[in-house]
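*Asks:* In case you want the letters, here they are:
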Amino acid sequence: MKFTEEHEWLRPEGDTMIVGITEHAAEQLGDVVFIELPEVGQAITKDDEVVVIESVKAASDILAPLDGVITEVNEALTDTPSKVNEDAEGEAWFFKMTPSDTSQLDDYMDEAGYKAFIG
Amino acid sequence: MKPNVPAGALAMREHDMPFKPTEYLPYDFANRRHIGPSATEMEGMLDVVGADSLDALIDDTLPVAIRQKEPLDFGKAKSERELLHHMRVTAQKNKVLTSLIGQGYHGTVTPPAIQRNIFENPAWYTAYTPYQPEISQGRLEALLNFQTMVSDLTGLEIANASLLDEATACAEAMTMAQRVAKSKAKAFFVDRDCHPQNIAVIQTRAAPLGIEVIVGNPDKMKADEVFGALFQYPGTYGHVRDFTDHIAALHESKAIAVVSADPLSLTLLKEPGAMGADIAVGTTQRFGVPLGYGGPHAAYMATKANYARSMPGRLVGVSIDSHGNRVYRLSLQTREQHIRREKATSNVCTAQALLAVMASMYAVFHGPAGLKAIAQRIHRKTVRLAKGLESIGFKVDPKSFFDTITVDVGPLQAAVMKSAVDEKINLRKVGETRVGITLDECTRPENIEAVWRAFGLVQADDDFKPEYRVPENLHRKTEYLIHPIFHMNRAETEMMRYMRRLADRDLALDRAMIPLGSCTMKLNSAAEMIPVSWREFSRLHPFVPDNQAVGYHELIGDLSDKLCDITGYAAISMQPNSGAQGEYAGLLTISAYHRSNDQGHRNICLIPTSAHGTNPASAQMVGWKVVPVKSAENGDIDLDDFRAKAEQHSENLAGSMVTYPSTHGVFEETIIDVCNIVHDHGGQVYIDGANMNAMVGLSRPGDLGGDVSHLNLHKTFCIPHGGGGPGMGPIGVKAHLVPHLPGHAMTGGTEGPVSSAPFGSPSLLPISWAYCLMMGGEGLAQATRVAILNANYIAKRLEGSFDVLYRGKTGRVAHECIIDTRPYADSAGVTVDDIAKRLIDCGFHAPTMSWPVAGTLMIEPTESENRAELDRFCDAMLAIRAEIADIEEGRIDKDNNPLKNAPHTVEDLVSDWDRPYSREQGCFPPGAFRVDKYWPPVNRVDNVYGDRNLVCTCPPMEDYAEAAE
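Residue numbers (this note's numbering), protein chains in the order written: chain A, 1 to 119; chain B, 1001 to 1965.
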């Protein structure tokens, strides 16, 4: 599992990568009220704005952590965005993607690194 | 029973002998009426803050380097009576003719009940934007009625709570279309039959964003080459067309269709939603809002539900309170610029709340049957007018129309227009050979006869046989305004009480101080407000010939001169309708200046992180890139970081936006250095005038090095906030920028316009002019001094109990102060929200929350509040601090206490009371009046519920019944 400075986590599952936001990020955002997900099949480039997440405190963009193609999105979040507050690093994943350049993963932190990053 | 009158008001001075000459000046507006504290009160307050005199306090607060050299001199200040006489003389220089010019502006009848109970009622016009929903339920309901009305008439699911004007709404629709369209095309199509000002404002907006605007005939539109298109309905020359096929073609290319529609026509005509439109915009001016020589009026925007989150502007929604009762609130706030900054959907901040409320009440007053009857009458009158002209051989266009016809008069154009003016009627010049005529609710048979005479036809208008010229396929087939609110009993008794009930739910300046930092909620005096309703100011069409608006031009000229004196600038543009629009207009002016010097590549804008969110949002609109500059520990701009970034971007530095005094409420000593750095690197300085109330008469942004500033006339210069608009954000510029100010088809200029009308919302200007005339130069300076005294008095009284976050070098604050409430989150679980809601129990509107620093309160009392009111507020704050201490020290439960349960309603008071504090403590904390207690109509509003379950039209009546149970 890898973590970005943008508070995203990436978990490999076969050839695909599952992406979500960390519990720390969910806590900072407060009650999440809305999530706009990308389209399946969409080609994305690292740092593209792919997800919009809105809480009562803030609206933020989630950046694509890697180049690749979206293979699946978590439709359940559209109806119950509150899942992000309940299980950010489990059930409340955002999307799955097939990365085209796995070397981009090298930029990211491991769990210990992320823990140190958020202090 | 405790006395219900503030103690200060009872203080009596010793009686002099009746005929001993007295120094007392009963008609001194500045010191007697506008400025709150009396001379005696000020002496006591200066003792508290520890200053020998007011001048000594100002010397402590304002660095000498930034003080202006010469005092303001506007001659002898006028008394209220002198002012009204002077206004009357000026007003009479305007000539009120019957304007049948149309072009988006129409004569309308303001129902007297609405004029008296809303337009001229401080309970409505002195309210603030409803960010605190518990004390804003009245106007939130009225605005929800507005949204429901717009949504119904346009046939689209969701409408916002108004935009600045129709042309701005069109431009916003264009950028929204680009956000939501799946089409990747770079061009936007505009129907050539759009009102010229709509086309012009769209072109201004499109240029810096790199959007190509294609103006043409909709039948020739290439849908696959555009991301969206705008159609006018009915067209500016009268055409009523069905755009269903054009819209289908756009959808096929994944482009967005926008229709700018006259809402009154939609009572008869097929609605945009039925044509498939994605977005509808327009103006509700003709719903009882006076012309006012161009404004203010409420524009609207409606869209499909799935685009709601991309829609700019405020959106009233429905939620529940802590007891599960139905409540109204502003929804989706996080999309707005105050949070999203340069990523916001738009820089739109101010809306036109008061005018939207009036328009919604017009719909409530008339109901669907009344609106339809008004529209039918207008149409039938237009048909009669056309038939008369056809009977003497004129060619009348178009075949199908609603209220507007165009007549080809060949070489007779000038003669016909002149004859019409002789008949006291303004017609519209169209091209070189045609004349446009638009009828409205006010048109009477004698007006029609007068138009006929101008064309050479002498005939009585007495053939009232109904006849219609709208083809069957364009008849409206759906119902509208079906909600019971539009079917209530319309006897004036009931209407009056409805408006009163709503007003009573809200806390406005007519009841209590509204100490909102950065918002300057000062007095809007009656004498300043009265001329706004005079017919000479309210009934002028914005496009009348100059010789009919001599009074307005005199007023605008003199007010501009005074504002130039106040700011140190060379010229003022009155066009921007809000502070944010002023920022946008100012940055456009700077851009045009750079282009004229072959420096058009400059696109970097330095903005301190402490800036208001509209700053980066506005910079984004002119195509600039925002480079944030750090704040130092003490809240000031980090000068080293500023210098480094200016150097780094020297080649491309377009400018910088800074606020003075800073958003932290401090007069930074480095402002002149900041301006010099920007100039040294070829940039221009935008000084945000939001805090001008701390400067007027003492210091001038132009002298500090500013090149452009906007002035919030609705803050510093007494235009009331109207519950969230109107506003006015004119900009002042240095001489080198004057040629690059916004232009307008009516007034010339090389640059494009930013607003529908050349002078923005001119009918508000008598207010600011009156303020300047009655205050005089010295009165204005004194107001600034007292604003600073009042803020320092509050800071001093709260010191020791709360931490005041930022201060100048001498320990003084400017005209506002920020108190830190963050420590109580850890020590007592108390948030800034809890304190704000508890203040409602004390009878106060909360200060600005969490801005510019999250978890803090920014307090700006203004000069208009007297000592007793300031003390009432401070007593309330200190009592709240004591309640926090009770939690901190374990004397009361941290989840069940007066702060967490605030605000307390009458329902709480009369229901079973099982709380660990008394009813007395809960409902009557220090500050609360005994007899005149303000009771919030609802408990704490649940924001999460509202944003997760978006409902933005009036809920069905059975829901109200449920909520009442």
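These are computed hints drawn from the structure, not numbers from a lab. Please read these numbers as outputs of a predicted model, since none were measured by experiment. We put the CB at the ideal spot given by N, CA and C, even for glycine. Hints are supplied without guarantee of correctness; some may be wrong.
[Claimed, not checked] Just some of the chain B residues that point at chain A, by a computed CB distance under 7 Å: (1) Arg1340; (2) Asp1947; (3) Arg1948; (4) Asn1949; (5) Val1951.
*Asks:* Taking the numbered hints from earlier one at a time, note which ones the structure violates and give those numbers from smallest to largest.
*Replies:* 4, 5
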